[in-house]
Every structure is written in structure tokens, then in C-alpha cells.
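Chemist: Chains as they are written, first to last, in the numbering used here: chain A, 1 to 478; chain B, 479 to 970.
Calculated from the structure, these hints are not laboratory results. Quick reminder that beta carbons are idealized off the backbone N, C-alpha and C, glycines included. Hints should not be assumed to be uniformly reliable.
Said to hold, decoys possible - From chain A, some residues computed to sit far from chain B (all C-beta separations above 10 angstroms):
#1 Arg20
#2 Thr120
#3 Glu238
Stated by the list, open to error - Once the Cα atoms are required to be at most 25 angstroms apart in a straight line, the calculated SDA-like pairs of lysine to any residue come out as:
#4 A:Lys13 x B:Lys671
#5 A:Lys13 x B:Leu865
#6 B:Lys671 x A:Gln343
#7 B:Lys671 x A:Phe345
#8 A:Lys13 x B:Leu518
Chain by chain, the residues run as shown.
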Amino acid sequence: MTATTVENPRRIKRRWRRLRLGVWLLVIVWLAHFAYIRITTPTAAVSRQTPQTTALVEEQADELAELIRSLPPVPAPTSIPRGFYTPWADVALAAGLLDEWAPDPNSSQANAIKYINTPTTGKALDRIVALCAQRQKASEENHAPTRTPQSPSPVSVSEAEYLEAFSALAFRARYRVAEKHDPAGAMDDLRAALRLHIMLQECDQTSTWWLDQAGLLVQREFGCLIQEVDLPPPLAREMVTFLKDELPFSVTDAMIRAARVEQQIDLLLDRYYTDDGHGDGWLVLSATTDRSPWAYGPRPTSRGRFWNVFSPLFSSRKDIRAKLTRVREDFRQLGTMDYDETQRFLTTQQQSPRASSVLNGPLMQLTQGIDIYSFDGVFSCVMRRHALVVMLALSAYRHEHDTYPDTLDALSPAYLTEIPLDIVTRQPFSYERVSDVEYKLGPGGNESLPDDLYQQSWMSRLGYQSDSYLPRRISKQP
Amino acid sequence: MTDTPAQSPPARDESQQLVPRSWPPADPIEPVTPRRIHWLLALPATIPAMLFPRRLGPHLANSSWVAAYLIHFSMALIAFGVIYVCAFEQGNFFTEDAQVDIFANPLIELRRALAAVVLLFFGALNGWPEVAAALLVTVMIEAAIWVAALLLIPLYAAGEGRRRTYLRSVKLLLWSSACQVPIVWLFTRLGLKLQLFNHDAWPFALLAALELWWLAVLIRLGGRYGGPKEGPRWQDRQPRCEACGYSLISLPLEGRCPECGALVADSLPERRQPPAFAAARGLPGRCVGFAHTTWQALFLRRFAKQVTIWGHHRAARNYVLLICVLFGLISAVTYLGIYRVNEGAFLVIPWPDENASSSDIVSFILWECEFLAEAFLVGIGIGLSVLAWLLLLGLFFCRFGFRDVADRIVILCYSTGWLFVPLFLGIVGICAAYGIIELWGPFGELHIPEVGWIDYEAAIWLGCLLPSIVTDTVASFRRIRTMLRHTRFANA
Chain A
1 MTATTVENPR RIKRRWRRLR LGVWLLVIVW LAHFAYIRIT TPTAAVSRQT
51 PQTTALVEEQ ADELAELIRS LPPVPAPTSI PRGFYTPWAD VALAAGLLDE
101 WAPDPNSSQA NAIKYINTPT TGKALDRIVA LCAQRQKASE ENHAPTRTPQ
151 SPSPVSVSEA EYLEAFSALA FRARYRVAEK HDPAGAMDDL RAALRLHIML
201 QECDQTSTWW LDQAGLLVQR EFGCLIQEVD LPPPLAREMV TFLKDELPFS
251 VTDAMIRAAR VEQQIDLLLD RYYTDDGHGD GWLVLSATTD RSPWAYGPRP
301 TSRGRFWNVF SPLFSSRKDI RAKLTRVRED FRQLGTMDYD ETQRFLTTQQ
351 QSPRASSVLN GPLMQLTQGI DIYSFDGVFS CVMRRHALVV MLALSAYRHE
401 HDTYPDTLDA LSPAYLTEIP LDIVTRQPFS YERVSDVEYK LGPGGNESLP
451 DDLYQQSWMS RLGYQSDSYL PRRISKQP
Chain B
479 MTDTPAQSPP ARDESQQLVP RSWPPADPIE PVTPRRIHWL LALPATIPAM
529 LFPRRLGPHL ANSSWVAAYL IHFSMALIAF GVIYVCAFEQ GNFFTEDAQV
579 DIFANPLIEL RRALAAVVLL FFGALNGWPE VAAALLVTVM IEAAIWVAAL
629 LLIPLYAAGE GRRRTYLRSV KLLLWSSACQ VPIVWLFTRL GLKLQLFNHD
679 AWPFALLAAL ELWWLAVLIR LGGRYGGPKE GPRWQDRQPR CEACGYSLIS
729 LPLEGRCPEC GALVADSLPE RRQPPAFAAA RGLPGRCVGF AHTTWQALFL
779 RRFAKQVTIW GHHRAARNYV LLICVLFGLI SAVTYLGIYR VNEGAFLVIP
829 WPDENASSSD IVSFILWECE FLAEAFLVGI GIGLSVLAWL LLLGLFFCRF
879 GFRDVADRIV ILCYSTGWLF VPLFLGIVGI CAAYGIIELW GPFGELHIPE
929 VGWIDYEAAI WLGCLLPSIV TDTVASFRRI RTMLRHTRFA NA
């Protein structure tokens with residue numbers, strides 16, 4: 001009896017020691033497993049063969065970026081200090097382009113013309129136009145976005161650099177119409193600028209606000225030009241097709257594009273996650289380098305594979321894909337909503353628990369859909385596209401009838417199969433013919449809407465207050 | 479540790495009437511039998527430790543350093559993670575419409591916290607300089623913990639050796655890091671849910687309340703001692719003259735001290751009795767005992783020569799905590815009175831209409847009652863100041879580093895009763911300052927002429943609070959020093 005009582009504690013101690021040893025072994029095996037598997041496994045993208053077409057597109061993207069960087073600075077309007085001009089690109093139009101276009105050695109226009117006629121600038125702009133068209137063509141042929149897993153940013157240029165490119169293209173469009181009587185060339189320039197705008201929207205590192213300003217600059221110039229010159233119907237139709245088919249023409253498409261949901265589903269998952277062949281995989285933290293798309297906080301320069309040991313903490317590829325798909329499905333509902341409803345919807349969506357979660361890792365900001373504060377820009381941009389389509393049809397109508405129609409219904413079906421609605425109010429645009437050379441186009445409905453949303457001063461004087469734009473007829477080519 | 483009534487010394491040999499060679503221990507407590515907590519069980523042990531700190535404290539104190547540091551580091555990381563989950567997901571804490579799930583799955587919350595920590599380090603550690611800076615900060619924080627543990631010695635001392643007390647304090651302080659996780663979690667989630675971060679005082683009040691709970695857990699963790707019976711509390715003591723410290727062994731009881739001439743009878747243990755607060759039983763008795771002991775500490779000059787200091791540690795510590803609570807309450811009530819007089823009326827915010835959401839109503843109530851949060855903060859601040867004052871003075875007087883704290887902790891605790899004097903002087907000073915400013919200020923009946931650089935308002939405040947400041951620093955310093963001197967060679 002005594003022997004048993006003496007042995008019992010020993011046996012308990014021995015068992016306890018074995019248990020501890022077992023736990024230790026389990027921990028070591030577990031760590032070794034992660035250390036081996038997670039450190040050695042690359043991302044899905046690296047393990048796949050890069051297609052030839054992708055390499056071609058990559059080369060073009062690099063060349064495009066190089067061209068934009070190499071553009072000389074656009075001459076500032078002489079009346080505006082340079083410091084003002086550069087950050088506020090649309091001031092260039094208000095101060096330079098919208099003034100009377102009369103070449104004068106002492107005026108801003110003279111500097112602009114001199115800049116456009118510089119051989120290096122002209123060649124660079126021609127090449128930019130050609131590359132934008134080629135990229136679009138390649139994208140259509142491949143039925144895939146123009147981005148690749150290896151390069152999520154198709155054009156890595158700074159804000160100051162791409163603002164210069166937009167200004168240069170807008171200047172040249174104006175110059176081609178006013179001096180060369182070449183509306184087709186001007187439309188090519190504007191088309192290239194709008195394509196560039198879309199490409200940059202897909203970039204990960206571009207400030208939405210600056211890009212909105214760049215898009216506004218081009219769209220304003222577009223709108224002004226087609227009020228000042230009557231486009232031949234085929235050219236107008238071509239531009240309408242471009243606006244409706246090539247650019248996002250619905251809020252849903254624009255939101256999905258601005259939120260980069262498709263790119264993330266198709267490409268970013270491959271770039272940052274492994275693929276086990278069954279649609280699942282884990283986050284490769286070491287792959288999220290300085291080009292990683294997290295919006296806030298410091299951006300790491302490079303990370304070792306050691307960090308991948310922590311990847312089990314974060315959501316798997318499958319979970320992230322499901323989240324992104326849900327975001328896309330949520331955006332599908334925007335098709336029938338007006339501005340206020342969209343705002344409410346996005347606010348609710350963004351505040352939902354799934355919107356931003358640290359479990360998404362460095363992709364946290366991407367999976368929460370669109371930034372609630374930048375959706376105004378998307379909405380405004382799409383609304384302007386709709387207005388531009390109407391204005392193109394009006395321009396073509398006047399080209400044939402030497403006057404504007406009494407109502408917008410006259411445009412359909414000869415010029416437009418369907419008159420686009422004002423997406424802010426989901427009502428038809430208000431329209432009024434003022435004279436044979438002038439009309440008023442404005443927001444649908446009588447609701448008071450934010451001025452920033454409409455920026456309507458370029459829409460034929462309607463409600464303009466802030467600048468002195470009056471559409472001046474540009475004489476037709478003799 | 480459990481207090482027992484003071485034991486009277488053994489009967490002396492009446493025929494010889496001599497002082498014996500030693501006095502037996504006055505209040506020898508029976509230590510708890512400790513059970514070491516293995517580091518593998520450390521994480522699950524934190525939950526009962528937070529719920530029953532007094533019960534688990536001795537066992538935690540006897541666990542290994544590996545376990546203590548494992549808990550400390552892991553809990554610190556999780557607490558950081560909880561903060562950064564909110565920082566990453568909510569952008570900032572001042573989000574008005576934050577969607578917070580209070581009843582989330584704890585395991586998922588733990589995973590999110592760890593993920594946030596990894597994200598934080600992943601973003602911040604860009605190279606070896608950052609790693610070195612992070613390590614340096616960590617080392618400095620750990621060093622601060624080891625220094626802060628010094629202050630806990632008077633609250634933890636059970637009569638064991640100084641080194642043992644100190645290491646126990648450090649270890650329990652490390653274990654108490656576990657409290658920071660629920661504190662941070664409740665602070666962020668409850669703060670966001672109730673929209674406390676839109677207010678000035680409420681978030682701090684919530685944080686103060688939660689940290690007060692941590693302090694209570696920390697103090698209670700050291701409430702029981704589990705270790706060997708080694709230290710002054712379990713040792714026989716040499717009889718000494720209470721006036722000069724001369725050894726009285728084998729001297730006649732009716733005689734005098736050969737060194738200073740003081741009566742030997744004045745140094746006998748029977749001369750000292752436990753204070754009324756320690757001797758009292760039951761709530762009414764404790765209340766009366768508290769008042770009596772405070773009265774004696776305030777007005778009886780020979781108080782320190784009459785009380786037993788070798789035992790009743792727990793009662794003395796309770797006395798200090800009661801003093802802190804009382805001071806906090808008095809300060810809060812005073813603040814409310816001053817606020818009422820000064821503001822005239824509470825904020826007038828229209829009651830939310832019938833379409834208001836529950837969060838609107840909560841926000842309205844919080845706005846209306848913000849003065850309560852301010853009063854709570856004032857009370858907490860004053861209460862903790864008293865405790866800090868005691869600990870700092872103790873650190874200073876007990877030969878720097880609480881070398882003889884086991885002997886002095888009891889009288890140190892009872893000496894805080896004297897702080898009622900500066901407290902009441904301070905309240906009178908604040909009321910006087912308000913009154914003077916009201917009478918002579920810019921809107922008062924009497925206008926003080928502006929003279930150059932003199933800031934009259936500051937001068938009035940200084941003049942009114944000076945008595946309190948002087949008594950708090952100089953007088954209380956002297957009073958506590960006197961008390962400690964009276965108990966320097968105490969025999970009971």
C-alpha cells in the first residue's frame with residue numbers, strides 16, 4: 001500500500017513529462033510545417049507561365065509610361081502663376097483654352113501652339129494616341145483586362161506627370177479644331193485621353209481625386225469643342241459608340257471599374273495568393289511589396305518570406321474571392337438607383353462588418369468596395385459621359401440641319417437609338433433650344449443637386465456662374 | 479495571508495522580573511501551499527486569475543518566469559492587436575456610425591487581433607533600424623515594469639524577505655497584463671458602440687473605471703502569501719528599547735534603559751495595541767473603528783507609540799484603500815458642487831424627437847450627464863493620488879527601496895489618515911478661490927484693476943491653495959517621518 005502511494009506521484013510526473021514532450025513535438029512539427037510550406041510556396045502568378053501577349057502589353061505599358069514622363073511641361077497660362085496652374089489642371093482650360101482663341105505672340109495661346117508644334121511633343125503625343133488604341137485593341141482581342149498579374153499598374157506615372165499629358169492632349173485637340181480644322185484628329189486626341197483616364201483608374205496607386213480632375217479636364221474640353229464645331233454624323237456616331245461601348249456607361253460598370261473589383265478577382269488574387277488548384281490558397285505576405293494596393297499606412301519596401309508564416313491568420317483565397325464577388329453583386333444593384341439611393345446604399349455597404357476586416361490583410365482596403373467619399377467622382381463622370389452622348393448627337397444634328405432640334409426626341413432614332421438619362425436623377429436631361437447656334441442642356445428634374453456633381457458650366461451656359469464660357473462657333477473648313 | 483489577533487508574549491519569569499531573550503512573532507500567518515502553474519497552462523489560467531485574483535495569486539506568484547513572461551508578452555500583443563483592429567477597420571475612433579459587434583466570437587476576435595499585430599509590424603518594420611527601435615522601446619517598457627514593481631512592495635509585503643516580496647511583485651505585475659486584453663476590448667468596443675469617443679470626458683471615465691478594475695485585481699493578486707515561512711514575520715525578535723534601540727535582554731522590567739534612561743516598561747509589547755480599525759468586527763464596528771483610528775492619527779501625537787505594527791497588515795492595507803475611496807468620493811462631490819455653482823444650470827440640449835434612434839438617445843444622455851464623468855475622473859484622480867503619495871513616501875522613508883517595509887508598512891498605512899488635513903484645506907481653498915474670483919473677477923461686484931504682468935486669477939488660486947500644498951508636502955512629510963521614528967524599534 002505504501003509502495004503504491006509512493007509510486008503514484010512518480011507515475012503522474014512521468015505522464016506529465018510525456019504529455020509536455022508530446023505538446024512540444026506537436027508545436028515543433030506545426031512550426032516546421034509552416035516554415036517549410038509557407039516560406040517555399042510562391043504566389044499563383046509566379047508559378048504560372050506568362051503568356052506572350054501579356055509581355056507585349058507590358059512593353060507597351062512601359063513605353064506609354066516613359067512617353068508620359070518625357071513630355072515637356074505644358075506652358076502655363078501667362079496670367080496664372082505656375083504654382084496655381086499645375087495642381088489645378090482644369091484652371092488651364094478656364095484660363096487658357098476657354099478664352100478667345102486668337103493666336104497672339106503675347107498670349108497664352110501662342111505659347112500653347114508653340115508647345116504643340118514642337119517635334120518632340122508632337123511625336124510623343126502621336127505615339128501615346130497610337131499606344132492607347134493598341135492597348136484597347138489588344139484588350140478586346142484577349143477578352144481580358146489590360147492588366148497582368150505581374151504588373152497591376154499599367155502606367156506607373158505620377159499625378160503631376162499624367163496631368164501634363166491630359167493637358168497636352170486637350171490643348172492639341174483644341175488646336176486641331178481651331179487652327180487645323182481637323183475635328184477627327186481632335187477626337188482622336190480626346191479619345192486617347194479618355195482611354196488613358198480609364199487605364200489610370202485601374203492603377204492601384206493613383207489618387208482618385210486627381211484622376212477625377214484629369215477626367216473633368218478632358219470631358220470639359222470635349223463638351224466645349226462639340227458645341228463650337230458641328231461634327232459629321234459618322235464621326236459623332238463613332239464617338240458615341242466609343243463613349244457607350246468602350247468606357248463604362250452605367251454607374252454599375254463605372255463603380256466596379258473604379259473599385260477595381262474585376263481586376264482583383266481575376267488578377268490580384270493570383271498575385272498575392274497561392275493556388276492549390278481547387279480555387280483556394282493562402283496569402284503570400286512577402287508578395288505585397290511597395291506596389292501593394294493598401295491605401296493607408298506605411299508601404300513596405302520589401303518583405304522576406306519569413307512573414308508568410310503568419311499567413312494562416314488572414315483570409316484564404318476562397319474567402320477573399322467570395323467577398324469580392326459579393327461586392328460586385330452589390331454593385332449590380334446600382335443600375336436602378338439615383339444619386340441619393342446610391343449614396344445610402346454605399347454608406348450601408350461600407351459600414352457592414354465584412355467591408356473592411358484586418359483578416360483581409362494588406363488587401364483590406366480593396367475588399368471594401370469603393371471609397372464612399374470618391375463615389376461622387378464616379379457618378380459625376382458617368383453623368384458627363386451621358387451628357388456628352390446627347391451633345392454629340394446635337395452636334396451631328398446641327399451639321400445636317402444647320403440648327404438644333406426643338407426637343408431631344410428629334411435625335412432618336414436617326415442619331416441615337418435611345419436618349420441617355422441623367423443618371424443623377426434618373427430622368428431625361430432638360431433641354432432648350434436658344435437659337436440656331438445655341439442650346440441649354442441641364443440636369444433632369446428640378447431638384448437642387450450638389451454643384452460639384454454637375455460642374456455644369458460647360459453644358460451650354462446652363463447655370464454657369466464661375467467662368468465666362470460662351471460657345472463660339474468655329475468656322476467650318478473652307 | 480490571514481490576520482489573527484495579536485498574541486501576547488509568553489509569561490515572563492515573575493520571580494526574576496527580567497526581559498526575555500526574544501519576543502515571539504506577533505502575527506505569524508500560515509502561508510498558502512502554492513501550486514506552480516506550468517507555462518503550457520498559463521493561458522487558460524489567466525481567466526480564473528482575473529475572476530478570482532486573491533485565490534489564484536499565490537499560485538501565480540510561484541509559477542515560473544517563463545509562464546509569467548509568456549502571459550505578459552502574449553497579452554500585450556493581443557491588447558495592441560485589439561486597438562489596431564479598430565484603428566485599421568474604423569479608420570479612427572471618432573467614427574459616428576461605427577458598426578460594432580459586441581457579441582462576436584472570441585476566437586475570431588483573437589485571430590483578428592493577432593492579424594492586426596502582424597499587419598502593424600509588417601507595415602512598420604522596414605529594416606533593422608526599425609527593429610532595433612522596437613526592441614529598445616520593449617526593453618524600456620520592461621525596465622519600467624521592474625521599477626514600477628517597487629511601488630507594489632508595501633501592498634504585497636506579507637513579512638517575507640525584501641527580495642522575495644519584490645520578485646513576487648514583479649511576477650504578479652507581469653501576470654496582471656492579462657487584464658489589459660478585456661480592458662482594451664471593452665474600451666474600444668463599448669466606446670464605439672455607445673459613441674463615447676464623440677465626447678470629452680466619457681472615454682476617459684470608461685478607461686479610468688476599467689483600469690481601476692485592473693488595479694483592484696493587481697492588489698488582490700498579492701492579498702495572500704504562498705511561500706516558505708522565511709522573513710521577519712516568522713522570526714523571534716530581540717527586545718529593544720523603543721526610544722534608542724538598545725538591547726533590553728535580561729534587564730529588570732522595572733528598570734531603565736542603560737543607554738537613554740527610558741523606562742523598560744515603556745518598551746514592553748503590552749504597551750501597544752492594534753488600532754480600533756484592525757480590532758473591530760462587522761461593518762458598523764469597522765466604520766466606528768475607521769473614524770476612531772483616523773481621529774487618533776489626526777490628533778493623537780503618541781498614536782504611533784500605541785499601535786501594534788508587527789501584525790494586521792491586511793487591515794492596514796484596507797484602511798489605506800478605504801481612505802483612497804473616501805478621498806475620491808469627497809473630491810467628486812466637491813467637484814459636482816463647484817460645477818453646479820459655476821455652471822449655474824446643466825447643458826440644455828433638446829430631447830431627441832420621436833424618430834430618434836437609440837444611439838441618439840444614448841448620445842443625448844451622455845451629453846447631459848458629462849459632468850458625472852468629469853466628477854468620476856476627479857474622484858479617481860484624487861484617490862489614486864493619495865495611494866501614489868503613500869507609496870512614494872514609503873519608498874523614500876523606508877531606506878530607499880522598502881528595505882524594512884515589513885516593519886513599517888502598518889504605520890505607513892495608518893499615517894494616510896493625516897491626509898484629511900490637506901484635503902479639507904484644499905477644498906476650502908478651492909471654494910474660497912471661486913468665491914473671491916466671483917466677487918472680484920471680471921463679472922464680480924468688485925473689479926480688480928489690471929496691473930501690468932500680474933495674473934490676479936492665478937495669484938488668487940495660488941494664495942488659496944497654498945495652505946493645502948504646504949500641509950500636503952511639508953507637514954505630512956514631517957508627520958509621517960515622526961510616526962516612522964516612533965515605531966523604529968517597536969516591540970509589538
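Chemist: Could you run down the list of hints and mark each one as holding or not?
Modeler: Okay, the hints, checked on the actual structure:
A cut-off of 10 angstroms between C-beta atoms contradicts the statement that Arg20 (chain A) is not in contact with chain B; the least separation is 7 angstroms. The Cβ of Thr120 (chain A) sits about 39 angstroms from the closest Cβ of chain B, beyond the 10 angstroms cut-off, so the non-interface label holds. In this structure Glu238 (chain A) is separated from chain B by more than 10 angstroms, as the shortest Cβ-Cβ distance comes to about 45 angstroms. For the hint linking Lys13 (chain A) to Lys671 (chain B), the alpha-carbon distance of about 49 angstroms lies beyond 25 angstroms, and the restraint is violated.
Proximity of Lys13 (chain A) to Leu865 (chain B) is assessed by CA-CA distance (about 45 angstroms); at most 25 angstroms being required, the pair is judged violated. Distance hint between Lys671 (chain B) and Gln343 (chain A) is fulfilled; the C-alpha atoms sit about 23 angstroms from each other, no more than 25 angstroms. Distance restraint check for Lys671 (chain B) and Phe345 (chain A): the Cα-Cα separation of roughly 22 angstroms lies within the 25 angstroms cut-off, and the hinted pair is therefore satisfied. Between the alpha carbons of Lys13 (chain A) and Leu518 (chain B) the distance comes to roughly 15 angstroms, so the proposed pair stays at or under 25 angstroms and holds.
Going through the hint list in order, the structure does not satisfy hints 1, 4, 5.
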